[in-house]
Amino acid sequence: MQNPRITLIGAGPGDPELLTLKALRALQSAEVVLYDALVTPEILEWVPETAHKIPVGKRAGKASAKQEDINRLLVEMALVHGHAVRLKGGDAMLFARGSEEWAYAAEVGIPVSVIPGISSLQLPGLYGIPLTARG
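Numbering-wise, the sequence shown is residues 1 to 135 according to our numbering.
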């Protein structure tokens, strides 16, 4: 495959309306999407029907893919299909393994871009609770 690339996308807290426009465009251009258990079905509806959708989510107490296997699969999918997206709940680089996925792809020369998502740090703001206060 020519032009393999990887996009790490933070899907935010699960509400599809909180996904960024840049993330939406990247999802719509994906040939493959590896997604976490926290990603809602509504967000996956924006992935083209022709794209491969592969669940790689981890849940406590349940069998799940090892991070090394996810790294390898992500790179393999980019090499075979072109644009591979790693769709993660929250933000791709906060409380996540995005940096490991990026480093693994960089080792084999695949370009990686990151599209941040709304993280759990913004949750208090939804309820009027500031993270910082003046005075």
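Hints listed in this document are in silico derivations from the structure and should not be mistaken for laboratory results. It is possible that part of the hints are untrue.
SDA-like, lysine to any residue: derived pairs with alpha carbons at most 25 Å apart [to be verified]:
| no. | residue 1 | residue 2 |
| --- | --- | --- |
| 1 | Lys62 | Pro48 |
| 2 | Lys58 | Gln2 |
| 3 | Lys62 | Thr50 |
| 4 | Lys58 | Ile129 |
| 5 | Lys62 | Ser29 |
| 6 | Lys62 | Glu49 |
| 7 | Lys62 | Glu17 |
| 8 | Lys22 | Lys66 |
| 9 | Lys58 | Arg5 |
| 10 | Lys62 | His81 |
| 11 | Lys22 | Pro48 |
| 12 | Lys53 | Glu17 |
| 13 | Lys66 | Gly128 |
| 14 | Lys53 | His83 |
| 15 | Lys22 | Ala133 |
| 16 | Lys62 | His83 |
| 17 | Lys53 | Arg72 |
| 18 | Lys22 | Leu126 |
| 19 | Lys53 | Glu42 |
| 20 | Lys22 | Thr132 |
| 21 | Lys22 | Lys62 |
Derived Cβ-Cβ restraints for the label pairs, each shown as a range [as the list claims (entries may be wrong)]:
| no. | residue 1 | residue 2 | range |
| --- | --- | --- | --- |
| 22 | Gly128 | Thr50 | 19 to 25 Å |
| 23 | Gly61 | Pro41 | 51 to 57 Å |
| 24 | Leu18 | Ala60 | 32 to 38 Å |
In this text, a Cβ means the ideal position worked out from N, Cα and C, and glycines have one as well.
Hint-by-hint comparison with the structure:
Taking the CA atoms of Lys62 and Pro48, the gap is near 29 Å; set against the 25 Å cutoff, the hint is violated. This hinted pair does not check out: Lys58 and Gln2 have alpha carbons roughly 31 Å apart, beyond 25 Å. At roughly 29 Å between alpha-carbon atoms, Lys62 and Thr50 are farther apart than 25 Å, so this suggested pair is violated. Taking the CA atoms of Lys58 and Ile129, the gap is near 30 Å; set against the 25 Å cutoff, the hint is violated.
About 31 Å separates the Cα atoms of Lys62 and Ser29, which puts this hinted pair outside 25 Å; it is violated. Straight-line distance between C-alpha atoms of Lys62 and Glu49 comes to about 28 Å, which puts the hinted pair past the 25 Å bound. Straight-line distance between C-alpha atoms of Lys62 and Glu17 comes to about 29 Å, which puts the hinted pair past the 25 Å bound. For the suggested pair Lys22 and Lys66, the alpha carbons sit about 29 Å apart, so the restraint of at most 25 Å is broken.
For the proposed pair Lys58 and Arg5, the alpha carbon gap of about 24 Å is at most 25 Å, so the pair holds. Pair hint Lys62 plus His81 does not hold up; C-alpha atoms about 29 Å apart against a cutoff of 25 Å. For the suggested pair Lys22 and Pro48, the alpha carbons sit about 16 Å apart, so the restraint of at most 25 Å is met. Between the alpha carbons of Lys53 and Glu17 the distance comes to roughly 21 Å, so the proposed pair stays at or under 25 Å and holds.
Restraint check for Lys66 and Gly128: not satisfied, since their Cα atoms lie roughly 38 Å apart, outside the 25 Å limit. A hinted pair counts as satisfied when its Cα atoms are at most 25 Å apart, and Lys53 with His83 qualifies at roughly 12 Å. Proximity of Lys22 to Ala133 is assessed by CA-CA distance (about 31 Å); at most 25 Å being required, the pair is judged violated. Restraint check for Lys62 and His83: not satisfied, since their Cα atoms lie roughly 29 Å apart, outside the 25 Å limit.
Taken as a hint, the Lys53 and Arg72 pair is honoured in the structure, with Cα atoms around 16 Å apart against an allowance of 25 Å. Under the criterion of a C-alpha separation no larger than 25 Å, the hint pairing Lys22 with Leu126 is consistent with the structure, at around 22 Å. Of the pairs offered as hints, the one joining Lys53 and Glu42 holds, with about 13 Å between alpha carbons and a cut-off of 25 Å not exceeded. The hinted pair formed by Lys22 and Thr132 fails the criterion: a straight-line CA distance of about 28 Å is larger than 25 Å.
Using a Cα cut-off of 25 Å, the hinted pair Lys22 and Lys62 is violated, with the two alpha carbons roughly 32 Å apart. Remark: the range hint 19 to 25 Å for Gly128 to Thr50 is contradicted by a beta-carbon distance near 43 Å. Taking 51 to 57 Å as the suggested C-beta distance range, the pair Gly61 and Pro41 does not conform, at roughly 22 Å. Look at Leu18 against Ala60: about 24 Å separates their beta carbons, and that is not inside 32 to 38 Å.
In the structure shown, a violation is registered for the earlier hints numbered 1, 2, 3, 4, 5, 6, 7, 8, 10, 13, 15, 16, 20, 21, 22, 23, 24, in ascending order.
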